[in-house]
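Undergrad: Below, each chain spelled out in residue letters.
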Amino acid sequence: MGMTITEKILCSHTDLAEVHPGMLINARVDIALGNDITAPIAIAEFKKAGGTSVFDREKVVLVPDHFAPNKDIASAEQCRVMRDFAREQEITHYYEVGIAGIEHALLPEQGVVLPGDLVIGADSHSCTYGALGAFGAGVGSTDLAAAFMTGEIWMIVPESMKIVLHGKMQKWVSGKDLILYIIGKIGVDGALYRAMEFTGGTIRDLTMADRFTMANMVIEAGAKNGIFIPDRITEDYVKTRAERSYLLLDSDPDAVYHSVVDIDVNRIEPQVAFPPLPSNTKGISQVGDIRLDQSVIGSCTNGRIEDLRIAAKILKGRKVASHMRLIVIPATQEMFKSAVKEGLVDIFLEANAVVSTPTCGPCLGGYMGILADGEKTVSTTNRNFVGRMGHRNSEIYLASPAIAAASAVLGRLGSPGEL
Amino acid sequence: MNFTGKIWKFGDDMDTDLIIPARYLTTSDPNILGGNCMEDADPDFVSKIRKGDIIVAGKNFGCGSSREHAPIAIKAVGIACVIAKSFARIFYRNAFNMGLPIFESPGLWDRVSNGDSLTVDGDEEWAKTIDGSIFPFKKMHPFMRELMTDGGLMAHIAKGRVK
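Chains as they are written, first to last, in my numbering: chain A, 1 to 419; chain R, 1001 to 1163.
It should be emphasised that the hints constitute simulated quantities derived from the structure, not laboratory data. Check each hint, because a few of them may be wrong.
Negatives, chain R to chain A, calculated, CB over 12 Å [said to hold, decoys possible]:
1) Gly-1035
2) Val-1046
3) Ile-1049
Derived PhoX-like pairs: lysine-lysine, alpha-carbon spacing no greater than 25 Å straight-line [stated by the list, open to error]:
4) A:Lys-316 with A:Lys-171
5) R:Lys-1009 with A:Lys-48
6) A:Lys-316 with A:Lys-337
7) R:Lys-1051 with R:Lys-1128
8) R:Lys-1128 with R:Lys-1159
9) R:Lys-1009 with A:Lys-47
No experiment lies behind these values; they were computed from the predicted model shown. We put the beta carbon where it would ideally sit given N, CA and C, even for glycine.
Using the sequences and the hints, build the whole thing.
TA: Below you can see the structure in the form of structure tokens.
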């Protein structure tokens, strides 16, 4: 029986000849990732269990990004726990503020994660790495502590859902709109425990940035991982970044799928997910009059240089509506530098936006744009749960960078076509 | 592993931001996390519950973030176990890894009310309602049973090394 790409990657990290959905395996990890919120618990568990040195200092990756640069004394202490551990263990891939960025944008950019890898991260958006044809899955801090010790993770091999995308994307439609549309169609647990494998003719038109955004949000449908078959676009992205060999895999023609979901991309317009779930999606033409207080462009979902370019194209020569705040957060230091060099930051500043150093910040209600009682924001982030970005009575509307930029100018939810 | 406690019902898609908002993630102190458990879902939750009470929830409990602070908060506030129609995958593994007992029952939610007493046999994997109806849980994977018996992943690994 054939295997899917997800099954092949998992299998290649065990001593088994083949794996099948439902099997419990212990798999070797290529990358074990933690951040300033999840790593301190993992480090404490590691030490409590008598851990003295991590299984491989090259394969442990630590990134201060959630509440970094330190937002207060308590987060400063958490960042210090991780920094001290990185120094003590001589961790190769520890990224200090000023070099770092949001983990899931940073690791692919730096060539740390490559096709065929098995990545576990104590962060739910670790599924982002599937865009590269890697297996990436979010786990908890105790999982991370165990991986620090053993270099392995327990995992039940997931069933795969095949998501077939065909047709051409309309103007202003991006990977964000496609994944929001898919989550709207299948629901927030529509892929629970499963792999989402994206295939079909539309994939050829998707940039790596689009693919990262889509793989990033499969967790919002409950999936274990999301994955793209590596192609020329993947190879062009990784070949200049990779410092070790990598594995380009494909699913077998006779691989078995749980289900097939057919998506006609021609019919999809820019999407907005209404609060309080990412599945509450509407086409932009159906949103009605939603007056906004804030717009956020950033995060591991949509803070890449491609996202900033789209936003700048829309904001050039325009101003943010006088009753609104627009917060732009490049996802990594390198992307921030590019945005400066390309003149994007000038455009944002002239439009009366604020531009922040890389941080997860407002996405999880940390800092840099917290919402007051009753305030509404459009955001390129990934979750619109109750209280996610501030007060429990605030509202989050998830959308693409194009919609977030246009809405900042319009002062309400709207599309670039209305400008 | 047997429990008897009062039921606190929650609906579908209880995300980890509702269980413990990120504004409390500057610490991993169980007392602080427990003291703010469910704040945005029910601000009075912590003051109302008693040690040994049981959460009965709808589908996809614990969706969202990977924060282990969520099961830590639930355990620390004194909840004996969580029974849901289904669990989001990261919350599911976190609960077993850190030692919060959880069980899946598709049918129980519709047949109990907030405040009812519930008896749970964690070994035999069923719950008994006040009218005496028995609801068998979805059968647990033997490995999950081992984790639950050992008291979590780190204890399980330690035990394996002793063998």
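Undergrad: Determine for every hint whether it applies to the structure shown.
TA: Hints and how they fare:
Once the 12 Å rule is applied to beta carbons, Gly-1035 of chain R is consistent with being away from chain A; the minimum gap is 15 Å. The beta carbon of Val-1046 of chain R sits about 15 Å from the closest Cβ of chain A, which is more than 12 Å, so the claim that it is off the interface holds. No Cβ of chain A comes within 12 Å of the Cβ of Ile-1049 of chain R; the nearest lies about 19 Å off, and the non-interface call holds. Between Lys-316 of chain A and Lys-171 of chain A the alpha-carbon distance is near 18 Å, which keeps this suggested pair within the 25 Å criterion.
For the suggested pair Lys-1009 of chain R and Lys-48 of chain A, the alpha carbons sit about 35 Å apart, so the restraint of at most 25 Å is broken. Annotation: proposed proximity of Lys-316 of chain A to Lys-337 of chain A holds, straight-line Cα distance about 19 Å (limit 25 Å). Straight-line distance between C-alpha atoms of Lys-1051 of chain R and Lys-1128 of chain R comes to about 19 Å, which keeps the hinted pair within the 25 Å bound. Restraint check for Lys-1128 of chain R and Lys-1159 of chain R: not satisfied, since their Cα atoms lie roughly 33 Å apart, outside the 25 Å limit.
Note on Lys-1009 of chain R and Lys-47 of chain A: the hinted pairing is violated, with a Cα-Cα distance of about 37 Å set against a maximum of 25 Å.
Consistency with the previously given hints fails for numbers 5, 8, 9, ordered from lowest to highest.
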